[in-house]
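*Asks:* Sequence:
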Amino acid sequence: MAKELQVLNALDVAKTQWYHFTAIIIAGMGFFTDAYDLFCISLVTKLLGRIYYHVDGAEKPGSLPPNVAAAVNGVAFCGTLSGQLFFGWLGDKMGRKKVYGMTLMLMVICSVASGLSFSRDAKAVMSTLCFFRFWLGFGIGGDYPLSATIMSEYANKKTRGAFIAAVFAMQGFGILAGGIFAIIISSAFKARFDAPAYQVDALASTVPQADYVWRIILMVGALPAALTYYWRMKMPETARYTALVAKNAKQAATDMSRVLQVDLEAEEQKVEQLTEDKSNQFGLFTKKFLHRHGLHLLGTTTTWFLLDIAFYSQNLFQKDIFSAIGWIPKAQTMNAIDEVYRIARAQTLIALCSTVPGYWFTVAFIDRMGRFAIQLMGFFFMTVFMFALAIPYNHWTHKDNRIGFVVMYSLTFFFANFGPNATTFVVPAEIFPARLRSTCHGISAASGKLGAIVGAFGFLYLAQNKDKALADAGYPAGIGVKNSLLVLGVVNFFGILFTFLVPESNGKSLEEMSGENEIDEDSVPNVEPRSHNRTVPAIGKICHPLVGLLLHDSVYICFGHPLQPLDSQGKPNWIRDDALNNLLLFTFLVPESKGKSLEVMSREN
1 MAKELQVLNA
11 LDVAKTQWYH
21 FTAIIIAGMG
31 FFTDAYDLFC
41 ISLVTKLLGR
51 IYYHVDGAEK
61 PGSLPPNVAA
71 AVNGVAFCGT
81 LSGQLFFGWL
91 GDKMGRKKVY
101 GMTLMLMVIC
111 SVASGLSFSR
121 DAKAVMSTLC
131 FFRFWLGFGI
141 GGDYPLSATI
151 MSEYANKKTR
161 GAFIAAVFAM
171 QGFGILAGGI
181 FAIIISSAFK
191 ARFDAPAYQV
201 DALASTVPQA
211 DYVWRIILMV
221 GALPAALTYY
231 WRMKMPETAR
241 YTALVAKNAK
251 QAATDMSRVL
261 QVDLEAEEQK
271 VEQLTEDKSN
281 QFGLFTKKFL
291 HRHGLHLLGT
301 TTTWFLLDIA
311 FYSQNLFQKD
321 IFSAIGWIPK
331 AQTMNAIDEV
341 YRIARAQTLI
351 ALCSTVPGYW
361 FTVAFIDRMG
371 RFAIQLMGFF
381 FMTVFMFALA
391 IPYNHWTHKD
401 NRIGFVVMYS
411 LTFFFANFGP
421 NATTFVVPAE
431 IFPARLRSTC
441 HGISAASGKL
451 GAIVGAFGFL
461 YLAQNKDKAL
471 ADAGYPAGIG
481 VKNSLLVLGV
491 VNFFGILFTF
501 LVPESNGKSL
511 EEMSGENEID
521 EDSVPNVEPR
531 SHNRTVPAIG
541 KICHPLVGLL
551 LHDSVYICFG
561 HPLQPLDSQG
571 KPNWIRDDAL
581 NNLLLFTFLV
591 PESKGKSLEV
601 MSREN
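For the sequence shown, full-length UniProt numbering begins at 1 and goes up steadily by one.
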């Protein structure tokens, strides 16, 4: 039985207004900073090796030892994982706005501190760098569930997907900005402090001023976050938190009246009914949550986990792949600053041609195609292109074919971003109840960062040459780049399978997805039982004679079937189902035997 609040309905049906774009910019600049800070470290790790781990007389420039490289690359992800869980939970307890400012200030302080790592001794510098990058990651982690939740609760249901995706798309600009800024800084230092290549003069190839390059690149990440702090503090708390969690109908109506510039009634009695209804009081660790949202949470966590193994492996170790195919010259043929320039140029080109467009394709199409279709398509093409790179890998290493390799590699990024990298961020902010929304998004995001840690730590070792003599200094023999790409292809394939656990939320209000606007049928007499709020995505226009099961309430669970019920606009609905109906996809394996003889079916004739 629906009891829709006027203030929430006003948000759902509101036309796109200036406050929507303001919210996108305020939340998006946090993600701009997140991406800059997380990915800029990959631009300077080779430089850190040259500066602090130089070995006199060595044939190759100094490089970070395996344990140090793993720590420098992965410690921010450990912090991010912790921050996503902690601030996600805190956002549901204290409110989105109160926690939002904390995460931003932590990011600003730790970005600056990362570049001020103490001493010139290698051990001291790496220790302090890792310490501050952990806490930087902790702040970044909080930004994930809070930004997504705030944007989803402010947006209207017609364009909600695009708004949340636009916030996340700022990550693309952050990656791009990191590369461009590294190009500018390295170019300026290279012009001012010329140095010979390592093979000409090993010691002189790394000028003392190179120590400023990595510090400046890391510290600049604090600027965009600092610039948006004031505006974050000016944002009112979301109406959904104020009304449904804090139970303050008057404040919710006042805040949204000011934002939407309309008069809204404070429906205190209705809020009291909704919040006191037993069906809306279950917690995270309850059977009711497991029954309603257990498969949803499993779907969002597994798909994000699998995506980030592949996505962060590719992003953090582009430089190793480019070196392996010869797109970046051998380290000994360059000086330290020139190497930073070339790595930044390669990563900027990838970001410009594939990463950024992929994000904005999602923004453009997510409310037309739906979340499920985009995620499935993205995982599918990531799998295809990864195998296309891996299987004929030796072909791509030839000089004449390197451009083709880069094009194919770029397409995996394009379909990651026009695919699961965006949708895994959007969906958890839409399908869970308001009182658990930030927590569940944090859990899903933390699962993703666990995948990023697996990718960041694992790929360092996996991608090493099978011949230990040809592996990087200090590393054991690995399985090679080719086999590593095959592993990532398999990971992406599993992402396709787990996508079928994720419901479609396109065009529905947050309360429709979570069931928060409904009163428990046990408390209301003569009300027909409602079906559980689980959804199975329809699969295009595929038809099969045996496509559905007739349930007790005479509703067909169909996949692209003409009998599929239509909504008020004549478009197919996403069908409700019971817990095991996700398995109905296997129905496509069963042949139709109606009207046929046993011999025709068994081919005995």
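The hints are simulated quantities; they were obtained by calculation from the structure and are not laboratory data.
Misleading hints may appear alongside valid ones.
Label pairs and their in silico Cβ distance ranges [to be verified]:
{"id": "1", "residue 1": "Ala124", "residue 2": "Lys234", "range": "23 to 31 Å"}
{"id": "2", "residue 1": "Met219", "residue 2": "Val55", "range": "37 to 45 Å"}
{"id": "3", "residue 1": "Phe193", "residue 2": "Ala364", "range": "23 to 31 Å"}
{"id": "4", "residue 1": "Lys93", "residue 2": "Val13", "range": "54 to 62 Å"}
{"id": "5", "residue 1": "Lys158", "residue 2": "Asn401", "range": "55 to 63 Å"}
{"id": "6", "residue 1": "Met369", "residue 2": "Glu265", "range": "52 to 60 Å"}
{"id": "7", "residue 1": "Tyr230", "residue 2": "Pro196", "range": "44 to 52 Å"}
{"id": "8", "residue 1": "Asp56", "residue 2": "Leu223", "range": "36 to 44 Å"}
{"id": "9", "residue 1": "Asn483", "residue 2": "Arg258", "range": "54 to 62 Å"}
{"id": "10", "residue 1": "Lys234", "residue 2": "Asn401", "range": "33 to 41 Å"}
Computed cross-link-like contacts, DSS-like style, restricted to lysine-lysine with a CA-CA straight-line distance of at most 30 Å [claimed, not checked]:
{"id": "11", "residue 1": "Lys15", "residue 2": "Lys270"}
{"id": "12", "residue 1": "Lys97", "residue 2": "Lys123"}
{"id": "13", "residue 1": "Lys98", "residue 2": "Lys158"}
{"id": "14", "residue 1": "Lys98", "residue 2": "Lys330"}
Glycine is no exception: its CB is placed at the ideal position from the N, C-alpha and C atoms.
*Asks:* Any of the earlier hints contradicted here, and which numbers?
*Replies:* 1, 2, 3, 4, 5, 6, 10, 12 and 14
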